[in-house]
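So the protein lines, in turn, are chains S and Y.
Each step along the first sequence adds one to the number in our numbering, with nothing skipped, and position 43 is 1195.
Each step along the second sequence adds one to the number in our numbering, with nothing skipped, and position 117 is 1269.
A hint or two may mislead.
No distinction is drawn between identical chains; accordingly, a pair holds when it is met within one copy or between any pair of copies.
[Unchecked claim] Below, a list of computed lysine to any residue pairs in the SDA-like style, where the Cα atoms sit at most 25 Å apart:
1) K1291 to L1317
2) K1291 to N1195
3) K1291 to V1162
4) K1291 to A1200
5) K1291 to G1184
6) K1291 to L1161
Source of the hints: derived by calculation from the structure; they are not laboratory data.
Number of protein chains: 2
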Amino acid sequence: VTAILDEALVAHVGFVAEHGPVVIPTTYGRVGDTLYLHGAVGNAGLRAAAGGRPLCVTVTLLDGIVFARSAFHHSMNYRSAVVFGVGRAVTDPAEKAAALTAIVEHVAAGRSAETRAPSAAELTRTLVIALSLAEASAKVRTGPPVEDDDDLGLAVWGGVLPLTLVPGEPVGDGIGVATGVPASVRGWQRPGA
Amino acid sequence: VTAILDEALVAHVGFVAEHGPVVIPTTYGRVGDTLYLHGAVGNAGLRAAAGGRPLCVTVTLLDGIVFARSAFHHSMNYRSAVVFGVGRAVTDPAEKAAALTAIVEHVAAGRSAETRAPSAAELTRTLVIALSLAEASAKVRTGPPVEDDDDLGLAVWGGVLPLTLVPGEPVGDGIGVATGVPASVRGWQRPGA
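Bound conformation, chain S alone:
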């Protein structure tokens, strides 16, 4: 579970709103056995998630498309982690700061040391939710297609097309003080990969 959480960048957070389920994408960070989500204090979805309600946070890494000889056996290679729990709003300033650092570091290792740290006002404006990893599971599919024996006589290619999230060329915003592209950007790779 932790390996999958560390490698993915986006989590899908599910909670139950008045009219039914809601699933929102968000970044996150991990410190030990705790997952941290964050957002603006005004974020209705996140506020709902912090209100002591049950959450389900799912993270999925898509590793490849599985091409089978039959339409039926087509599949995806993937790794997913599902975390169930009740969100806890983080109020302790030290835990909040550590959680936000973890979120930035998760997205781009080394970045937190390069940037201006959050001010007291920014910390106040940020809602951080902690979720224990105690109730979590992982699901993984790897390898070639499963085939029916009868289909192996068909002249159809079977195999896997691997997929990877790849960084492109950094695009500077061209304002402010001119600087080189820093290590956290230049050397970025999918976390944990």
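Using the hints provided, position chain Y relative to the given structure of chain S.
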């Protein structure tokens, strides 16, 4: 919404189970204003989703990491679509077959013509759920970081690192009848991209 659905490969389906929300990743297809999900008839999550309960299906394309001069203004460029509705189990054989074709074609354009079509038994073993796109919304973030004016004097790089899902080299399973890598695999690109 449809452009986002067409380009992404994995949806996160949220529904409310006995003990709270559940979010599961799955592939999908689109025909007009209907989204189709599928899975084994024995798939408990999918069965729950088909049972006339409210669903939330969220699809997220991660386009880049937004590096700001402050930790606070870091963000992601993304496009997400959120669909709310009640799932309908598809029983009409023609609609079911069309939905499954749409799912295969969504993942790899041209593939359904290369493979063996589903047998009657396979159709029976497959649960297909239709979800109307009538209640759907999209959310998009693009462009450079938002910065506080005061931070523009800092010697910190600000900009975007684009991210793209890229196919690697196809890996054939090396069994059955020897064939070349077909067009759907060799020419694969992120759908709609």
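How the hints compare with the structure:
no. : hint           : verdict
1   : K1291 to L1317 : both (20 Å within a copy, 21 Å between copies)
2   : K1291 to N1195 : between (30 Å within a copy, 14 Å between copies)
3   : K1291 to V1162 : both (17 Å within a copy, 15 Å between copies)
4   : K1291 to A1200 : between (27 Å within a copy, 19 Å between copies)
5   : K1291 to G1184 : within (20 Å within a copy, 32 Å between copies)
6   : K1291 to L1161 : both (17 Å within a copy, 18 Å between copies)
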